[in-house]
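First to last, the sequence lines map onto chains G and F. Quick note: the first sequence uses this note's numbering, first residue 1, plus one each step. Quick note: the second sequence uses this note's numbering, first residue 182, plus one each step.
Rather than coming from a laboratory, the hints here were simulated on the basis of the structure. Since the model is a prediction, treat every value here as computed from it, not as a measurement. In this text, a Cβ means the ideal position worked out from N, Cα and C, and glycines have one as well. Among these hints, one or two may not hold up.
To be verified - Pairwise CB distance ranges (calculated):
hint	chain 1	residue 1	chain 2	residue 2	range
1	F	Val351	G	Arg102	26 to 36 Å
2	G	Asn168	F	Ser410	28 to 38 Å
3	G	Asn133	F	Tyr394	31 to 41 Å
4	F	Met272	G	Pro170	18 to 28 Å
5	G	Cys104	F	Pro320	22 to 32 Å
As the list claims (entries may be wrong) - Some chain G residues judged to face chain F by a derived CB distance under 8 Å, without partners named:
hint	residue
6	Ile92
7	Tyr109
8	Glu140
9	Glu176
Given next are the chains, with one letter for each unit.
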Amino acid sequence: MAKPRIATASLAGCFGCHMSVLDIDERILDLIELVEFDKSPINDFKKFTGRCAIGLIEGGCCNAENVHVLQEFRANCDILISLGECAICGGIPAMRNTIPLRECLEEAYLHGPTVHNPRGRIPDDPEIPRLLNRVYPCHEVVKVDYYIQGCPPPADAIWAALTALLSNKPMELPYELLKYD
Amino acid sequence: MSEETVSITIDGVEIEATPGQTILQAADAAGIYIPRLCAHPELEAFGACRVCTVKVNGRPQAACTTPVAKGMMVENDTSELLEYRRSLIEMLFVEGNHFCMFCERSGNCELQALAYRFGITAPRHDYQYPVRTLDGSHPEVFIDRNRCILCGRCVRASRDVDGKHVFDFVGRGHEKRIWIDAEARLADTPLKGEDRAVSVCPVGAILRKGTAYRDPIGRRAYDHRPIGSDIEACRPAEKKG
Numbered sequence: 001m002a003k004p005r006i007a008t009a010s011l012a013g014c015f016g017c018h019m020s021v022l023d024i025d026e027r028i029l030d031l032i033e034l035v036e037f038d039k040s041p042i043n044d045f046k047k048f049t050g051r052c053a054i055g056l057i058e059g060g061c062c063n064a065e066n067v068h069v070l071q072e073f074r075a076n077c078d079i080l081i082s083l084g085e086c087a088i089c090g091g092i093p094a095m096r097n098t099i100p101l102r103e104c105l106e107e108a109y110l111h112g113p114t115v116h117n118p119r120g121r122i123p124d125d126p127e128i129p130r131l132l133n134r135v136y137p138c139h140e141v142v143k144v145d146y147y148i149q150g151c152p153p154p155a156d157a158i159w160a161a162l163t164a165l166l167s168n169k170p171m172e173l174p175y176e177l178l179k180y181d
Numbered sequence: 182m183s184e185e186t187v188s189i190t191i192d193g194v195e196i197e198a199t200p201g202q203t204i205l206q207a208a209d210a211a212g213i214y215i216p217r218l219c220a221h222p223e224l225e226a227f228g229a230c231r232v233c234t235v236k237v238n239g240r241p242q243a244a245c246t247t248p249v250a251k252g253m254m255v256e257n258d259t260s261e262l263l264e265y266r267r268s269l270i271e272m273l274f275v276e277g278n279h280f281c282m283f284c285e286r287s288g289n290c291e292l293q294a295l296a297y298r299f300g301i302t303a304p305r306h307d308y309q310y311p312v313r314t315l316d317g318s319h320p321e322v323f324i325d326r327n328r329c330i331l332c333g334r335c336v337r338a339s340r341d342v343d344g345k346h347v348f349d350f351v352g353r354g355h356e357k358r359i360w361i362d363a364e365a366r367l368a369d370t371p372l373k374g375e376d377r378a379v380s381v382c383p384v385g386a387i388l389r390k391g392t393a394y395r396d397p398i399g400r401r402a403y404d405h406r407p408i409g410s411d412i413e414a415c416r417p418a419e420k421k422g
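Between the sequences and the hints, there should be enough to build the whole structure, so can you do that?
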């Protein structure tokens, strides 16, 4: 039987959650025995190559591309997991949610004390993904099946969750592995 | 004990209570934990957060404000009440801006600890990201209203323990905020860093400056044991299980 496939993505995140995936240490060798990695920054696959059992999403949605990638993950993965605070509540990027987007852009590109921008333009190249009005948690954009909390989530929580789900057991983390920080 | 006691039943366990005690106080004394946020042993009961809601003879009541009476049948640890309490905690999380990852209170926060105890992995409601203000004018204390849950502990502690009345509520409904007895700045109030009003805050809304992150991760109050474990540890052995 073919190994189940896992895909991962970092949307509006810092890659800290992906670091935490690597932080399962030598168990990553066991993980490779259990699963095949599909689209993921870990192997640098840019496109899905087949149906995935599990998709791990780090980060929330701050721009149109994030929404596109998230919808692609939902369409290609049986189980979608929000990994970490940013995917679950928006996290640090969501601190801009209380400030209007135009004000954020003007501060960053026009009025900030260290800004050097003689043409006075806010970047608007069509290649740059359009920012959303605010940062959205993943479960406010698509259906999310499981949540692994933490900033970043403890490696043990990721390991416990993946091994439980891959063996068709419920994902029940012990008290000490549920942390919001 | 020489004084008269009455017996009440909590989840089928009969306990002795002193008349004048609230259900919460009687349960604490018997080693039965009823989750709570606004209640504090040094402060007058307030009944603001409703997290301690129990069913008394079938009716929902706040355990922190309801006095014991002979023969009360109290339900506490039931799936129905757990569901109510989880909802309350989830709503508190989405109604404020609770960024645990950099909050100085994280690990020692009672709101977070209740979410851990209830096993909340994500709230079922959309986040509101309200616009709230901070006041860092005071040399020893700051207020971050993003994290305030309107429990009113600071209001009661400042008025009743510190004798100052530095804090009170303004506004109504979702506009309700903790405010101060000065025109604009916390620095202009008689508040001192060592005031009880500062240290009773269950979340990171009122914090003493220069005390952040003193406890390393792994040594904070709720890192290993759920909130309420200290109360449950006092439960007499013969009544366990």
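Check: Honestly, do F/Met272 and G/Pro170 meet the 18 to 28 Å range at C-beta?
Finding: Since the Cβ atoms of F/Met272 and G/Pro170 sit about 26 Å apart, the hinted range of 18 to 28 Å holds.
Next item on the list: Identify whether the interface hint at G/Glu176 stands, where standing means a beta carbon of chain F within less than 8 Å of its own.
Entry: At about 6 Å, which falls below the 8 Å cut-off, the nearest Cβ of chain F leaves the hint on G/Glu176 intact, so it holds.
Item checked: Distance restraint evaluation - G/Asn168, F/Ser410, Cβ atoms, bounds 28 to 38 Å -> Hint holds: Cβ distance 33 Å, inside 28 to 38 Å.
Check: F/Val351 and G/Arg102, beta-carbon distance inside 26 to 36 Å?
Finding: 30 Å, holds
Note to self: Restraint: G/Tyr109 near chain F, CB-CB cut 8 Å. Satisfied or not?
What the structure shows: 23 Å, violated
Item checked: Interface hint status, G/Ile92 versus chain F (Cβ within 8 Å) -> With a closest approach of 7 Å, the G/Ile92 hint holds.
Note to self: For the hint 31 to 41 Å, verify it against the beta carbon of G/Asn133 and that of F/Tyr394.
What the structure shows: Once the Cβ atoms are compared, 33 Å apart, the range 31 to 41 Å for F/Tyr394 and G/Asn133 holds.
Notebook entry, point to check: If you check the beta carbons of G/Cys104 and F/Pro320, does the distance land in 22 to 32 Å?
Noted result: Holds, since G/Cys104 and F/Pro320 (Cβ atoms, about 31 Å apart) stay within the stated range.
Note to self: G/Glu140 was flagged as interface toward chain F. Is the shortest Cβ-Cβ separation under 8 Å?
What the structure shows: For G/Glu140, the interface hint holds, since the closest Cβ of chain F sits about 6 Å away, which is under 8 Å.
In summary, the structure is inconsistent with hint 7 from the numbered list given earlier, while agreeing with all the others.
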